[in-house]
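Engineer: Could you put together the complete structure from these sequences and hints?
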Amino acid sequence: MDFNFNQEQQQFADALRRWVDKDYRFETRQAIIHSATGTSDAAWATLAELGMTALPLPAGAGGFDGTAVDMLLVMQELGRGLVVEPYLATVLGARFLTLAGGHDGVLEQVAGGSLKLACALGEQQSRHDLHDIATTATASGDGFVLDGVKTVVLHGAQAGALIVSARSGGRQDGTDGISLFLVPADAPGVTVRDYRTIDGQRAATVTLVQVVLGHEALIGQAGQGWPVLDAALDYGATLLCAEAVGAMDAIFAATLEYLKTRQQFGAPIGKFQALQHRMADMFIHLEQARSMAMLAAAKADSNDVAERRRTVSAAKARVGLAATFVGQQAVQLHGGMGVTDELPAAHHFKRLSMIALTLGDVEHHIERFIAQPGFLPTETA
Amino acid sequence: MDLHYTAGETAFRDTVRAFLDSHLPADLQRKVRQHLRLTKDDYVRWHKIVAQQGWAAPAWPVEYGGTGWTAVQRHIWEDECARAATPPILPFGVNMVAPVIMAFANAEQKAYYLPRILNCDDWWCQGYSEPGAGSDLASLKTTAERDGDHYIVNGQKTWTTLGQHADMIFCLVRTDSTVRKQEGISFLLIDMKTPGITVRPIIMLDEEHEVNEVFFDNVRVPVSNLVGQENKGWTYAKYLLGHERTGIAAVGRSQRELTFLKQLAMRQNKRGAPLLHDPAFAAKVAHLEIELMALEMTVLRVISEEGKGPGPQASMLKVRGSELQQQLTELMVEAIGPQALPFDPDFLDGSAPHSSAGDDLAAPLAAYYFNYRKTSIYGGSNEIQKNIITQMILGL
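Going line by line, the protein sequences match chains Z and H. With the working numbering applied, the first sequence corresponds to residues 1 to 381, in that order. With the working numbering applied, the second sequence corresponds to residues 1001 to 1396, in that order.
By construction, these hints were calculated from the structure, which means they are not laboratory data. Do not rely on the hints blindly, as some may be mistaken.
Part of the chain H face toward chain Z, derived, beta carbon under 10 Å [stated by the list, open to error]: (1) 1263; (2) 1319; (3) 1395.
Cross-link-like lysine-lysine pairs, in silico, DSSO-like; alpha carbons within 30 Å at most [said to hold, decoys possible]: (4) Z:271 - H:1374; (5) Z:271 - H:1181; (6) H:1284 - Z:350; (7) Z:271 - H:1238; (8) H:1238 - Z:260; (9) Z:260 - Z:271.
Ideal placement from N, C-alpha and C gives every residue a C-beta, glycine not left out.
Structural biologist: So, in structure tokens, the structure goes:
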């Protein structure tokens, strides 16, 4: 058993950290957030140069075949640096294509950094159950016609192409009859309404009206999208766990530093036991979350589907609890400064809070964990 | 990063399992699984079986009878013992006084005591805490005054676990009261049969006789029973406490208890369906299971840093380990509901074959719950562990 990262993994992470520290400082990030697009082309070009867009992609498409463990380190650094570029959306989109096979040309563009993707999966009624899909895919000629509305599509307006889930059969909330499509962002009938998210990222409402797609737009098999969707969501949740650990590392370090410097009653406030014990609790939450993020990364690529689901749901739930606890306590310990816009930790808190609600909240993953084989005992007492 | 056990470690686990399958007496296993009370003979019997195999002190150096196992192998051994429901090898001899003897005692003391500890020929107990010295251990008052080639010991120790069975006690005593409180302490090994020693039971809230007060009234202890140097005992005590917290997370045992809890909740009905099918109860169990997964990974992360010794991370393991042990007992009681009310000491101590209230699995659980409130208090309370985390890790 080995918990160390290899030299190559460490080099990727170090390069990323140097870039964040030098070129993606907090002030730079704030300027990017308030720019027209909410993202930075220069930052994206650097991410591509550093190999980040190629890292998780298949070697056949110009990628490095990076594993979820490789991505653990990358996402931790992005979380630490509060990077708002459409990286998660893009690599998650690529994951759909990698899992289903085909679309190698698209993956090559992603690996090279020239194409960004987004995943249009959620709908107004679906909450965390992303198999609840009202968007329809009606067979027509050689292809399909898509109709529906996708909500909170992360970085939907910054993407050149969208991964869209639609229903070509089955009940609205069933897992049968789901089809996945690769939809060019400029396809006729696609409307993307861009907005800012509370944590400084971008999202969009994507409306699909009579969007005509050829058969080549299909990802995997028609009606058989669920296993791909389910596996990709686990991958995404794993990346979010890693990002959260990075954000928690940052907010924890900032809070610790604040406790050592802020003077009240003639002493650094870190001398007060009430605050010390809260820091100890935060530390324990963070280490428990780190352990689970590692475990999820180790299992996210697994072919054992039940084991993958069970582990990722356990991790997402545990990390979600930690993200909320650590974030809230960090703000409280910063006192009035904690609730201001100028404090980076406050932005880590916002990001952590939104991660906890993205791709399944604590309750959703607890329910999913319970539903997996292995929860109910096999023998009787 | 590779979170798999190696082929060698897996083979080692198989060897351990085979040993436990063939050597763990069924009556002992049943008692441990069902939360019944263990007798002195139960503990000694199991210790000697393990000693016969050469595994009673896995962490000791090979020259003293240890195993030469890696930290991961020791973890696997403890894990398998926990899952198989063996009685514990009590820590007072093997894990607490022995490391101090190895590190600081003279050749004669090592040659005499260590083989006896390994084979459980002496039952050891701990003489650390006093009524006025709990978390603030260094403020202890029991004195040892030099009189020729003896010390005259006077004072009182408390919370002496299973001291009613003990042949020997290792004690912290004050040999100099004129210096800083940490500097005048010595480490003495005392024969419990020495005149002037009185053991008084402290009955716990589950009516179990688990701990004691030990009174010393002009007890004459040969100077040859001093370990290391006079007035250096605090150094040895801190060394011992570092060893005490190893393995205190007890993940393996909690995993066994989680399985028990689930089986229990499948036997209980709520409105016609097994309790474990109730979403609210299942969610509590799931939260606990996930916390245990996280703790197991954290333990493995800590022990994978082999050679660095039990560092302050042990405090984190102690806090979470004890909290989860307590939550397990709490959910067991919640699971059985009103069946938690009957109290049956005769069944608990083995003198009655079945619980008079009807359900043998349920009968011990309330006592178990009350007993386990101790885990967040002993071995340095969880608040003290948080102080250690804030000071040693966070530098506050």
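Engineer: A separate judgement is required for each hint: does it hold in the structure or not?
Structural biologist: Structure-based check of each hint:
For the restraint placing residue 1263 of chain H at the interface with chain Z, the shortest Cβ-Cβ distance is roughly 4 Å, inside the 10 Å limit, so the hint holds. Taking 10 Å as the C-beta contact cut-off toward chain Z, the hint placing residue 1319 of chain H at the interface holds, the least distance being around 6 Å. The criterion of a C-beta within 10 Å of any C-beta in chain Z is met by residue 1395 of chain H, whose closest approach is roughly 8 Å, and the hint holds. Distance check on the hinted pair: residue 271 of chain Z and residue 1374 of chain H sit about 28 Å apart at the alpha-carbon level, within 30 Å; holds.
For the given pair, residue 271 of chain Z sits about 24 Å from residue 1181 of chain H by alpha-carbon distance, which is consistent with the 30 Å threshold. The hinted pair formed by residue 1284 of chain H and residue 350 of chain Z meets the criterion: a straight-line CA distance of about 27 Å does not exceed 30 Å. Among the hinted pairs, residue 271 of chain Z with residue 1238 of chain H is consistent with the structure: their alpha-carbon atoms are about 24 Å apart, no more than 30 Å. Under the criterion of a C-alpha separation no larger than 30 Å, the hint pairing residue 1238 of chain H with residue 260 of chain Z is consistent with the structure, at around 27 Å.
Between residue 260 of chain Z and residue 271 of chain Z the CA atoms are separated by roughly 8 Å; this keeps the pair inside 30 Å, and the hint holds.
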